[in-house]
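Each chain, written out:
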Amino acid sequence: MDLLIQVSYFAAAFLFIMGLKRMSSPVTAASGIKWAGAGMVVATVITFAYPDLHNYFLMTTAIFIGGVLAWWTGKKVAMTDMPQMIALYNGMGGGSAAAISAVELASSVNHGPVITTLAVLGGIIGSVSFSGSLIAFGKLQGLIKGSFRFSGQNLVNIAMLAVTGLLGLLIITSGGGGFSVFLLFVVALALGVTMTVPIGGADMPVVISLYNALTGLAVAFEGFVLNNAAMIIAGTVVGSAGSLLTQLMAKAMNRSLGNVLFSGFGDTEAVAAEGDQGVMKPIDANDVGIMMAFAEKVLIVPGYGMAVAQAQHKVWELCQLLIDRGVKVKFAIHPVAGRMPGHMNVLLAEAGVPYDLIYDQEEINAEFETTDVALVIGANDVVNPVARSDPSSPIYGMPILNADKARNCIVVKRGQGAGFSGIQNALFFLDNTRMLYGDGQEMASELIQAVKSL
Amino acid sequence: MIELSGFAALYIFMLAAFTGYEVIAKVPAILHTPLMSGSNFVHGIVVVGAMVALGHADTFLTQLVGFIGVILGAGNAVGGYVVTERMLEMFKASGDKN
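Line by line, the protein sequences give chains B and V.
The opening residue of the first sequence carries number 1 in my numbering; numbering runs sequentially from there.
The opening residue of the second sequence carries number 1 in my numbering; numbering runs sequentially from there.
If you are wondering where the hints come from, they were derived from the structure by calculation, not from laboratory data.
All figures in this text were calculated on a predicted structure; none of them were measured in a lab.
Cβ coordinates follow ideal geometry from the N, Cα and C atoms, glycine included.
You may find that some hints are simply not true.
Covered by chain B, per the in silico footprint, the following chain V stretches (three or more residues, Cβ under 8 Å) [unchecked claim]: (1) 16-27; (2) 41-51; (3) 57-64; (4) 80-92.
Between beta-carbon pairs, the in silico distance windows are [stated by the list, open to error]: (5) B:L183 x V:A8: 51 to 61 Å; (6) V:P28 x B:L143: 13 to 23 Å; (7) V:P28 x B:G258: 25 to 35 Å; (8) B:L161 x V:L61: 34 to 44 Å; (9) V:P28 x B:N110: 45 to 55 Å.
Pulled out of the complex, with its shape left as it was, chain B reads as follows (with noise of 0.2 Å):
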């Protein structure tokens, strides 16, 4: 049976690893998930025959109750509201790891030094990971308002982290049990929260990503405590994966990982206009048809506001439009467009788009400049030129896509008011630019409309 048990996790760890190579491409990204799982059915299945186990019937219930109540709310989320189910799900596999660490920490068994020290680098991890998830689950969901901030922050937080260095350090060199366990959780968990609550919500996806390698850190910890070499495996490359992509993340967004985490920026900081930038110029939807229709070529720039307004799908009805016209259209998509990198190609993908139609800002910077019209819509900071030529600006050396720089620039915009950093938008200023007022759903049909009548 031991074998069994051996072969079964081997299998498990090598399936998680293939699927998450088949993962980062997206040819083959449909399939990776399904190796993962047949991975996990594998690893699960075989626990059961674990030898010396008892509590089956608690064991079964608690996967029959976290399975049904997980299954349920990941089907029915939208898909604007997938990072935060994902900060969620993520926090409960932080708590897991804790709740192993508790345990085992509890027990009367003494595992050695070694194995004491990783249970509690496990333990507090996990739980740093689990309520700090809740706290970025609980702001991005529009349930805590606002971040809480005051000065010495910082060290305060360094000093709760000192104390559980110190409950640890007690609990390692007396063998663990009792109040200094209970009580090391209690200050990690703390942790979690202080750290997170001051954090703004623009820069959440990032602390979401690094919290998802903290918990794989924590079961790879929990993996050496249970001797189990699928969770060190599993644990070690989510790991190393997630730290990698946090810091492909906090690039993309122009800050570093130091900068999220202590700064406090990312939240609505108003800057007030400064000056007269000149007038913006108003066109409307049948001007704006007639423009696309007999364009040649078409860059379509997304913001997270047209999500919001729900309008991509009818974006794309019109993009259909367009390419049935013989106009070459293609999606210029920002890094951080939506509310993590990459949220947006979902929710595109959601209407149908395809995505060999859907271009990095890497890629597609350079055709800007023979394109004939850019279509903004509910994207604002991330084509503010401002970026590059305005050193005082907030956003200054932000990578940018070139609106700009197309012959003609048509924003979409419900207002005149400035964007979700709060900063004025030069690119509304300019010669080249005419703004389409209204709401995004809205003016997607009248452009289908103005399109269909010609």
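With chain B's structure known, arrange chain V on it following the hints.
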């Protein structure tokens, strides 16, 4: 159970860390969100550990904590799978038929 001796485990840890890095290194930005969700699913393997911990638990308190651990771990695995599959199912090339 086959015991993993200290250094064997350490080697596994190191090699797995490099594997994770290499597997992700060349991923296009288009897949960042699904991939994060997919890796979130993979650490759902923690449910296996929680099952073992619950299986060892012998006091009411450790049984309770283990029970919660298994619920959370199962939620991580199942939820991670469902949302990742939903996202990846939608990615289609323009040649594909729906």
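If you check each hint against the structure, which ones fail? 5, 6 and 8
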